[in-house]
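2 protein chains.
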Amino acid sequence: MVTLTASYEELTESSAVALAIRLGLIQESSHLTCTEIGDGNLNYVFHIFDHKQEKGLIIKQALPYAKVVGESWPLTLDRARIESAALIKQSEYTPHLVPAVYYSDTALAVTAMEDLSHLEIVRKGLIAGKQYPHLSDHVGEFLGKTLFYTSDFATNPKIKKQFVKQFTNPDLCDITEKLVFTDPFFDSSTNDFEEELREAAEALWADLEVQAKAAELKRIFLTSAETLVHGDLHTGSIFASETETKIIDPEFAFYGPFGFDIGHFIANLFLNALSRENEHDQQHLFDHVVNVWATFKEVFAKAWKEDSIEAFSVSDSFLETTFDRILKEATGFAGCELVRRTIGLAHAADLDAIPSPSKRIQQKKTALTLGKTFIKQYHAVETASDLVALFQQSVKE
Amino acid sequence: MVTLTASYEELTESSAVALAIRLGLIQESSHLTCTEIGDGNLNYVFHIFDHKQEKGLIIKQALPYAKVVGESWPLTLDRARIESAALIKQSEYTPHLVPAVYYSDTALAVTAMEDLSHLEIVRKGLIAGKQYPHLSDHVGEFLGKTLFYTSDFATNPKIKKQFVKQFTNPDLCDITEKLVFTDPFFDSSTNDFEEELREAAEALWADLEVQAKAAELKRIFLTSAETLVHGDLHTGSIFASETETKIIDPEFAFYGPFGFDIGHFIANLFLNALSRENEHDQQHLFDHVVNVWATFKEVFAKAWKEDSIEAFSVSDSFLETTFDRILKEATGFAGCELVRRTIGLAHAADLDAIPSPSKRIQQKKTALTLGKTFIKQYHAVETASDLVALFQQSVKE
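Protein chains in written order, with this note's numbering: chain A, 160 to 556; chain B, 160 to 556.
Simulated from the structure, these hints should not be mistaken for laboratory data.
You may find that some hints are simply not true.
Which copy is meant is left open, because identical chains are indistinguishable; a pair holds if it fits in one copy or across any two.
To be verified - For lysine to aspartate or glutamate, the following DMTMM-like pairs were computed, each having C-alpha atoms within a straight-line distance of at most 25 Å: (1) Lys535 / Glu195; (2) Lys461 / Glu251; (3) Lys317 / Glu251; (4) Lys487 / Asp296; (5) Lys324 / Asp237; (6) Lys464 / Asp342; (7) Lys214 / Asp466; (8) Lys214 / Glu172; (9) Lys324 / Asp391; (10) Lys337 / Glu469; (11) Lys337 / Asp475.
Chain A on its own, in the form it takes in the complex:
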């Protein structure tokens, strides 16, 4: 992977095709099409397809600013380097669960990768009522392997410190620090919610226990350099079908706490559950919550037994306290994610798409209650089933 260009320029559909041909990733032919399929806000995503060979390719390019806001909101192009480096690192451990990277170029902020257009974004599928029977098996395996093997438990601490430097991601961490861990807990200008939620939001901001616990969770996010986390593992960052799962878009990757991705994934399962009518329809999500944790533990424990380089790994009690701490922190992070997806800047389509306005407000209030509960009680959680029980209790409140 060499840099072919000296300076950044925005690609177009035709220059994206030309780049792919120049790189030998696709053959020149009269059967090629290229369509920009991204939301066109933060990145260009060019889907190049050879209709004769039936072979596709994705060229993703980071934009230097958020188009929807304009050049006043600059965004580092370095996130393209982080994303491709994270995909390559993750593929060392779970090649079947991430898109293959064919080429990356830090000057152009471009990554050429596997075409996954036969899959669908999980958030969209779940909103449409689809089921993904292997979703939590696959996400649990992805987390168990990537989080274990990139940590000090399996990567020599001297080398891991170099990875911490490589994956230092100040600009994208800053977004999370502000939009997930700060603004939703104060009356901030970035917050965005219906007037009917104001009373609940104000109660949250006045809750001293929530403040103290959210502060502690933010501190963990800021300082705990345990492992290479995906950094944005919501259901919109996962492509799936009934049999296949691919985790995409790790541009927020950095060395962070073990529980971060797990918490975000679980929170987004619960957000979807809140968009469903009854407990029967929610059961599929509850099963995923319990199973992603069980699978993560199983995969992580197997790796710990087989491949740990940490002398203290002989201590079973250390493994148990490690799991206990990860689940507790994941619960707290899930709480922050629930809060910010309800009253913060970036919402979850699952809730926003509830057709009935009164039902939508009601479910958002429940999401806030659940978020508060997770934050306040994160030290008390002991099993993934506790999380489902807290969900069911919040729905009844």
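We have chain A already, so just place chain B on it with the hints.
Then chain B, alone, in the frame of chain A:
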């Protein structure tokens, strides 16, 4: 500060003087003397003195290997860069408590700094029975200011992440990871202790609770990038007189946990207390233990109120939980330091210098007991007086 030389070469007494003159740090004169006053093992320390002007200067140079072991034990020269960068950073907040740096040169691994030969090393002074009435005031202030201001509480998290990279210190952290947090807890070849301590050492290695807690403390050391810690704050890293204190030798500096330095300092006060005959002679050390924590808290809390950039600092409860966590972790780190200074590779002269062999063994056993107690009970400690009480209890056991 510019690099004058392109490549590393070991200085001699005459080339050290020539360098100082070339840098304009001292004037050429017939009244200059230069003496190498380091232990000559890891670093050269040249003391240059102008007897007419009565003006001194220290030229410290890192050696590329430990002389006592030979070239088979290479040591990174990068520690000279870390040391001078840490001294400069610390002097932003506590210029009166660290030696002034006049020049640093990464190629030569040289730092030119303030001559402190009017002061004495605190460990030596304490062993000789001296008192340093302001020691804990000064160390508490040093820790309160440097640890607060280099953390996310006062340094913008984006900029702090650059400091984390700058102070990445894999080789010296590796020494601590092995010699403080690993080897003393196993029957390792680097351990070094009298045969009379074997039974106590074996009991420690077989203690599953100690193992699990030490594992957790090691994890915190490996992953918690909270603030720029000194990294080796024992009483041998402090110069003092009755009125003045200077904290030197931060070559182990890195972004680590708030409690690390405090724990090491307190452990070394207790090690000295164990070399004293009776509680009356120990009281001076106990006072320092309680006062260093009180001063740290006072200085840190004042900075938090005045200068915190963290939105959650409005929460008093967050400050209280932060102090609580720091003291608990400091206690655990103190426990590890007590253990490793007793049975690990690097001992404390305080204990080794006890003249009576039976008394020496007895006090080392007490040091081990106290270390075990601190490690096992670190979650339960609530005040610095608890630490003194645990010391007194261990002495009686």
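Against the structure, the hints:
1. Lys535 / Glu195: Intra 44 Å, inter 59 Å, cutoff 25 Å: neither.
2. Lys461 / Glu251: within (17 Å within a copy, 48 Å between copies)
3. Lys317 / Glu251: within (19 Å within a copy, 29 Å between copies)
4. Lys487 / Asp296: Answer is within; shortest intra-copy Cα gap is 21 Å, inter-copy 38 Å.
5. Lys324 / Asp237: both (13 Å within a copy, 16 Å between copies)
6. Lys464 / Asp342: between (41 Å within a copy, 20 Å between copies)
7. Lys214 / Asp466: neither (38 Å within a copy, 58 Å between copies)
8. Lys214 / Glu172: Intra 17 Å, inter 71 Å, cutoff 25 Å: intra-copy only.
9. Lys324 / Asp391: both (19 Å within a copy, 23 Å between copies)
10. Lys337 / Glu469: between (35 Å within a copy, 11 Å between copies)
11. Lys337 / Asp475: The answer is between: 21 Å across copies meets 25 Å, while 37 Å in one copy does not.
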